[in-house]
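As a plain string of letters, each chain reads:
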Amino acid sequence: MKRRDFIILFYFMLISSVIPLLIQSSYVTNINYSNNNKDLEDPRTSKVIAGTKEWLNNTGFNSTEDWYYSRVSDESNPDFYANISSDTANFIVTGDKKVFSDINGTPSYSDWFPEKKPGSSIFPDRYEINQYGLNASHEYWEGTDDNIYGVRGNQTRNRPTVLWKRVIEMPVDMSDYIITSANLTFVLNGSANTNVETPKDNLTGNNPTAAEYDHVKYYVQLSNLEDKDRYDAISYQPRDLGFGDLDASLDSPNNGSISNITDTTISAESEEVLVFYLNRILEYDNRNFTIFLGIDIDVEDNYGQADRDTYYSLLIKTCNLTFTYEKIIDKYTSVSWNQDGDKISDLSNDTIVINDANLNFKYKIDSNWTSNTSSLNSEIKILINGNPHAETIKLTKANSTYQEAKIGGFDVTSLITDDVNISLQVYIADEFILDHNITISIDNASLMISYTIITQDVLVGGNGGGGGTTIIRGADYTLLVIGLTAGIIALVTFFGAYQIHYKYPPIVRKVRKLRKKIKKGRKAKPLIIEKRKNLIKNQYEKNVKILEFEAINEAIKSQKIDKIKKIKKKNKKGDI
Amino acid sequence: MPQGFIITKWTDDQGLIVEYKYPEEIEVDLDDMMRVFYAHVVGAGSSGNVLVRLEKAHSNVSSHFTGMGTGTPYLINLMLDLGEDPDMFGEAIIKEINEKILEFLYEIEKNIDKKFSIIEKLRGYMKNSLFLFERLKNMSKEQRISQIYSSEKGRAILQILQERARSKRELVNLLEDKLGKIISNIEFTLDPFTKTNLVKQDWVEGLSDVFLFLLNDFTLSRKPVNRLIENARKNLPNDFLAKTYLDAVMEFFSTYKPNVDDSASLALSMLNPDKYDFISLFR
Chain A
48 MKRRDFIILF
58 YFMLISSVIP
68 LLIQSSYVTN
78 INYSNNNKDL
88 EDPRTSKVIA
98 GTKEWLNNTG
108 FNSTEDWYYS
118 RVSDESNPDF
128 YANISSDTAN
138 FIVTGDKKVF
148 SDINGTPSYS
158 DWFPEKKPGS
168 SIFPDRYEIN
178 QYGLNASHEY
188 WEGTDDNIYG
198 VRGNQTRNRP
208 TVLWKRVIEM
218 PVDMSDYIIT
228 SANLTFVLNG
238 SANTNVETPK
248 DNLTGNNPTA
258 AEYDHVKYYV
268 QLSNLEDKDR
278 YDAISYQPRD
288 LGFGDLDASL
298 DSPNNGSISN
308 ITDTTISAES
318 EEVLVFYLNR
328 ILEYDNRNFT
338 IFLGIDIDVE
348 DNYGQADRDT
358 YYSLLIKTCN
368 LTFTYEKIID
378 KYTSVSWNQD
388 GDKISDLSND
398 TIVINDANLN
408 FKYKIDSNWT
418 SNTSSLNSEI
428 KILINGNPHA
438 ETIKLTKANS
448 TYQEAKIGGF
458 DVTSLITDDV
468 NISLQVYIAD
478 EFILDHNITI
488 SIDNASLMIS
498 YTIITQDVLV
508 GGNGGGGGTT
518 IIRGADYTLL
528 VIGLTAGIIA
538 LVTFFGAYQI
548 HYKYPPIVRK
558 VRKLRKKIKK
568 GRKAKPLIIE
578 KRKNLIKNQY
588 EKNVKILEFE
598 AINEAIKSQK
608 IDKIKKIKKK
618 NKKGDI
Chain B
55 MPQGFIITKW
65 TDDQGLIVEY
75 KYPEEIEVDL
85 DDMMRVFYAH
95 VVGAGSSGNV
105 LVRLEKAHSN
115 VSSHFTGMGT
125 GTPYLINLML
135 DLGEDPDMFG
145 EAIIKEINEK
155 ILEFLYEIEK
165 NIDKKFSIIE
175 KLRGYMKNSL
185 FLFERLKNMS
195 KEQRISQIYS
205 SEKGRAILQI
215 LQERARSKRE
225 LVNLLEDKLG
235 KIISNIEFTL
245 DPFTKTNLVK
255 QDWVEGLSDV
265 FLFLLNDFTL
275 SRKPVNRLIE
285 NARKNLPNDF
295 LAKTYLDAVM
305 EFFSTYKPNV
315 DDSASLALSM
325 LNPDKYDFIS
335 LFR
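Heads up: the sequence lines are chains A and B, in that order. Heads up, the first sequence is in our numbering, so the first residue is 48 and it goes up one at a time. Heads up, the second sequence is in our numbering, so the first residue is 55 and it goes up one at a time.
Note that these hints are calculated values from the structure, not bench results. These numbers were taken from a predicted model, which means no experiment stands behind them. Heads up, a few of these hints could be off.
As the list claims (entries may be wrong) - Here are the simulated lysine to aspartate or glutamate pairs, EDC-like style, with alpha carbons at most 16 Å apart:
id, chain 1, residue 1, chain 2, residue 2
1, A, K580, B, E217
2, A, K580, B, D271
3, A, K428, A, D477
4, B, K277, A, E595
5, A, K578, B, E217
6, A, K592, B, E284
7, B, K154, B, E174
8, A, K584, B, D271
9, A, K578, B, D271
10, B, K277, A, D477
11, B, K249, B, D271
12, B, K191, B, E145
13, B, K195, B, D245
14, A, K145, A, D482
15, B, K149, B, E163
16, B, K311, A, D477
17, B, K207, B, E241
18, A, K592, B, E305
What the hints assert, rightly or not - Not the full set, but computed from the structure, chain B residues with beta-carbon under 10 Å of chain A:
id, residue
19, L300
20, V303
21, F307
22, P312
The beta carbon of each residue, even a glycine, is placed where N, CA and C say it ideally should be.
Next up, chain B with everything else stripped away, as it sits in the complex (with noise of 0.2 Å):
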């Protein structure tokens, strides 16, 4: 379960300096987050999201970082535990979580007279994102396939398998020439793969690499819900909303084509707990 969020901003005169935490009790060493820094600034010192083992903390830190071109380079790092990644809970969701954290800082920046009512805001975010975290643990099989599609990566490898199956250094490779960025443990970018009965993992005799094999394929895309057409069909709730929902449902669909974009967006919602719990409700 990830620990808690320290967030860092660089500063000229103080250097590294510990922003905000949450939870207040974790523990800062200031050397791993420099260690966390430099990860960053190697190179151009641009924005983008590293993995950082810190074997004093035991811990793995998936850090965000705005850049040094930015007004402020903040660094958002989410303190997960040793055996933890970042795709087990998806890069979306991380993304979302990170862009909203800036939100906030960015805020409070603009609005110093109310910044303590925005760090409060904001602790509660970050406290309400653990919990998400947590919840992401336990995902259902949907939530899982969504999780695959959310995410660039995930999407990339379905693509590279439905073509044919591959080992897993070929699709390694494959997946760092289409992204542009290294991949760093693909075990838990396939983890949803293989638990959702998608992808089979198998060795082939004569050859030395493990292949995967790409067991049954997916599409997400909206659908009309027969139950609430039934019932509106029955004018229930009442005529009103029965003929409002049904003209709705005629509209959109009228109109609708399943796309990327839009199976991405839906993906991202059937992530969310809250709102996976609607839509299952409705269904």
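Pulled out of the complex, with its shape left as it was, chain A reads as follows (with noise of 0.2 Å):
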């Protein structure tokens, strides 16, 4: 690791341990002082006022007084409502069941309009609704002269087909409900002549040939509105109807005999399929579906001379189309029944503690909703705030007569802010159809907050009240701190100079300096070196530099004996 990352990363490490230290020591010496500021400067001593108190209001549910409902659902429809009556708080879920038998008896002309087939281009020589029904009779004739229906005789009109159309509008959004059963009947019969070659008819007559034969088929079709899947939900080929050899050179109106089909009930084959068909197009359109009730004619020519094939009248004589539905109950949907109860802190503007908070209530359901519903999730909730108790109760559970939603209650205490806002919520969290309503029930609603009220105590003589108050205050460990603090950081950047720096000797670490000058391109103030001989010179010199002192010595003292003679000699001359 490079010097400079070694520093920053200690220094780093270093503050990022100690000041947080610091900052808790600042804590440490602080306490929480009550609202009245006159405390801060005069301790006093504290009373303690507890107490328990019944949180909600019309806890009986006597009137819709206190409490207000909501629900998450959709408006346009919703799954549920709630109401206050006979003293309970009561939970709606709402189903239902509805039929459709708008389609029945003998169609009507106010109410089926014609139109061709898609992909077909006529109709057949006749088409009508009468008293009777739906009726189309059509002769193919290949003849120069008119047909029994007054139509020039030609070989085009081969396949003519009549579709009568009915758009049903339903009277709710299907979207919200379920088909769960559904019938489809039709009433037929017919007349043709046995000019008409059906597959059990043996032909006789000039190259006689036949592919499918001469046939009809009735049928019924369900379609979304905008016709973009159209389903055949009932049809019916009558295999018998015109039934009956005659040569074809036999071909004049008059000829042959008059085959019937009398009235046939025909039905939908599979109600499950049926019940699919229209749910399928009621999704495109919730709202309207269309419904055809058709004939084809299918004409062949089966000879080599003019061939003519007679369907005197082919009826719809009714249509019956009946379904029930059911309402469909959404996931995680909603109703509640809340209360906004008074804030803690109008207790009293001193501290307050909240002990214990326990919620409870009971709750009963008038039908059993495991067997009506197939949601085993959906449950009760209890929300304070906004927030929801971990623990619920599963509406499985629920039976027709009160029961406690638990034993001793909610512990609540955890969701209890200033705010005390309650709410009692029937959670749907699953998707079922509900063909009724279900009544869930609530009653004897409870929220029991035991508190601690942390007043000051009032000065006896003064105001009066309790005696004098002691806050015992945290020891102040700020300066400890500071010092110690210090400390380390001197220590540590004592540790790190030395192993950096001042560990090395100083000649070594003038050419570390040096070094490091000349890799970063420094200029360097030149070294100064003392030739060798001056070195070991000067050393010399400072080592007989001891001598000296002796040589001053000497000096004095022969100065000294020279004066003392001058002055020995004078005192032999007198001159003292």
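From the two separate chains plus the hints, produce the assembled complex.
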């Protein structure tokens, strides 16, 4: 690691470990003061007032007072509503079941309108809605004169069809419903001449030939409004209509005999399939669908000579479509009874500690949830200030008599803040079908809160109340922390400096510094190098300096001796 | 540790004979002695020193030859262990010992009647020399520095490295040029330099040879002994002695100038363990 990186890392670690200490220490010395500013200067004793209170009003749901309901549901067709009646709060899950039976009996011209089948180009010679039903008549004649219906003979009118269409509008948005059962029948009859070549006939004439023979088909089709999906709900092709051999040469309208099929009731083969078709077509347009009653005529040119095939009457006498549909209850929907309680701080201006909060209520249901719904996860939830309590009550546990939501109540202490807004909620966790209302009732809701108010004691003789107050302050460690921190910083700085710099001898430090400068391309001060000779000389002179004193001493001594000698001489001469 | 001394001499009639040896038990292989003799006489046969490795005897021999031109050609062979080199003890010491032994030998020749007592003295000297070699293995740092200064080779190395750092090979070449003799094993010569931290050997990237860097330098000179002077000023041990000492010191240092010869002899004295002990006591 480079030296600089080491230094940066070291100081970062030091600061990050010390600063929290400093911050913490300063908090150690703080205390929570009460609202009364006087206490900052003047410590006193505190008084506690314990209490328990029923926090909810109108716990018996005597009226709608204090309670209001809310729901999360499709408001165009809500799955719930709620009310308070007979001293209970009710959550009503709104089921529904309806029956559609608008299509029944003989079709009326006011309801049904003819149109061609897609891809088809011609109507039958006759088609009408009369008092008997929907009728089609057609004669295929290859002669040059008119047929019995006044239509000039030709070889093109082989496949006439007619559809009668009716658009149905449902009374409700079917997206909220599902069709659970259905039934479709129609009654038909027909009459034709035996000049019709049925599969059972023997063909006699010039070049008799047949592929599909002459036949008709009665059918019912269901479609969505925009005709994106069209389903054949029922179809019927009578094999015997027109059965009877007739030589082709006998091609007058008077030839042959009448073949009938009497009233025949045809029903949809599979209810499931019919239900599927109906649900499907109502997915596109939740309100409307189309039903078609149709008659197809298919005649062949079976001979080399002129062929006449006469269908006198093809009648759809009646059509009945009924289906049952039930309400879908959406998942993730809910309905709640709510009360916005008093604030905790309304109790007092002093410090209030909530010791305990216990919620309970009674509940029941008017019909068995499990057997009536497939929703195992739906439940009653408790929310306080919008926060759900962990414990819930599954609706599968509810029965027809009142029972306590929880024996002993729910401990909701942790959810209590200054606000106390309660919601008792029925929550639908799964989608299911419901054909009738289910009501969940609650009563005797209770929220008991026990609390302690820590208040200032009132002085005796002053404003009344208790004695003096001592507020114990935490020891002030700030100075100690600062001192220790400074010491640690100094120690570490010293250690770091020693490790990085000072452990090297001065000359090595000098060389390192010089090397660094050279590396960085900076100008370096020239190193003063003493000549070897001079170094030795200086060192030697230093070592012999001790003798200089002696030399001086000797000089002084000899001067003194000379002085004394002079004095002695003078004395002898008697100068003194 | 040196095994001992073997003194041989060349005679015209008997060839190489063993004159004296110490210790007496030391084994002498005449073939090995001849090998040493040949090492000396190859070429001019002049006097000099050689170092010969004897595999059979498991010894190194540091041999001094007086030369064929002298009256009696003597060989003074110091038998060393295989891992030893005369430079370990300092060439000056060995030279001094060789010279002293030769003095004894010449004295024997001159005073044949006193031969026995002189031989005894010679044996005693050789014994003390071996003891000295033993003591020289445990030199102090000062003594090792003195060892460097006492030898011509050491002073030459110091001078060369004072100029600038040199590679080992370069140093050997310069030494051989300067001293005019082959340097066989530079490692032993550099040993006191590295032990006293005067020289550091290091390898410079990109170059094959190891470089020698002079980290510290030194010089030897005389200086007054502060403690003794201070005591003398206090008239210790007595007035007369103190005065006499101070006068002598003053007189000496008034004319004294440090020089190489004096410092070399000083170094030799420092190397001598007995003298060094006294010097240390005085300081």
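Structure-based check of all given hints:
Taking the CA atoms of K580 (chain A) and E217 (chain B), the gap is about 13 Å. The hint holds against a cut of 16 Å. Between K580 (chain A) and D271 (chain B), the direct Cα distance comes to roughly 12 Å. Compliance with the 16 Å bound is thereby established for this hinted pair. Taking the CA atoms of K428 (chain A) and D477 (chain A), the gap is near 15 Å; set against the 16 Å cutoff, the hint holds. With a CA separation close to 13 Å, the supplied pair K277 (chain B) and E595 (chain A) stays within the 16 Å bound.
At roughly 12 Å between alpha-carbon atoms, K578 (chain A) and E217 (chain B) fall within 16 Å of each other, so this suggested pair holds. At roughly 13 Å between alpha-carbon atoms, K592 (chain A) and E284 (chain B) fall within 16 Å of each other, so this suggested pair holds. For the hint linking K154 (chain B) to E174 (chain B), the alpha-carbon distance of about 14 Å falls within 16 Å, and the restraint holds. At most 16 Å may separate the alpha-carbon atoms for a hinted pair to count; K584 (chain A) and D271 (chain B) meet this at roughly 14 Å.
For the suggested pair K578 (chain A) and D271 (chain B), the alpha carbons sit about 12 Å apart, so the restraint of at most 16 Å is met. A threshold of 16 Å between alpha carbons decides the hint, and for K277 (chain B) with D477 (chain A) the separation of about 110 Å lies outside it, so the pair is violated. Pair hint K249 (chain B) plus D271 (chain B) holds up; C-alpha atoms about 14 Å apart against a cutoff of 16 Å. This hinted pair checks out: K191 (chain B) and E145 (chain B) have alpha carbons roughly 14 Å apart, not beyond 16 Å.
For the hint linking K195 (chain B) to D245 (chain B), the alpha-carbon distance of about 12 Å falls within 16 Å, and the restraint holds. At roughly 8 Å between alpha-carbon atoms, K145 (chain A) and D482 (chain A) fall within 16 Å of each other, so this suggested pair holds. Taken as a hint, the K149 (chain B) and E163 (chain B) pair is broken in the structure, with Cα atoms around 21 Å apart against an allowance of 16 Å. For the given pair, K311 (chain B) sits about 115 Å from D477 (chain A) by alpha-carbon distance, which is inconsistent with the 16 Å threshold.
The hinted pair formed by K207 (chain B) and E241 (chain B) meets the criterion: a straight-line CA distance of about 13 Å does not exceed 16 Å. Annotation: proposed proximity of K592 (chain A) to E305 (chain B) holds, straight-line Cα distance about 15 Å (limit 16 Å). Restraint check, L300 (chain B) versus chain A: the minimum CB separation of about 6 Å is within 10 Å; hint holds. Taken as an interface hint, V303 (chain B) checks out: its beta carbon lies about 7 Å from the nearest beta carbon of chain A, inside 10 Å.
The criterion of a C-beta within 10 Å of any C-beta in chain A is met by F307 (chain B), whose closest approach is roughly 6 Å, and the hint holds. At its closest, the beta carbon of P312 (chain B) sits 6 Å from a beta carbon of chain A; the interface hint therefore holds under the 10 Å criterion.
Of the hints listed earlier, those the structure fails to meet are numbers 10, 15 and 16, in rising order.
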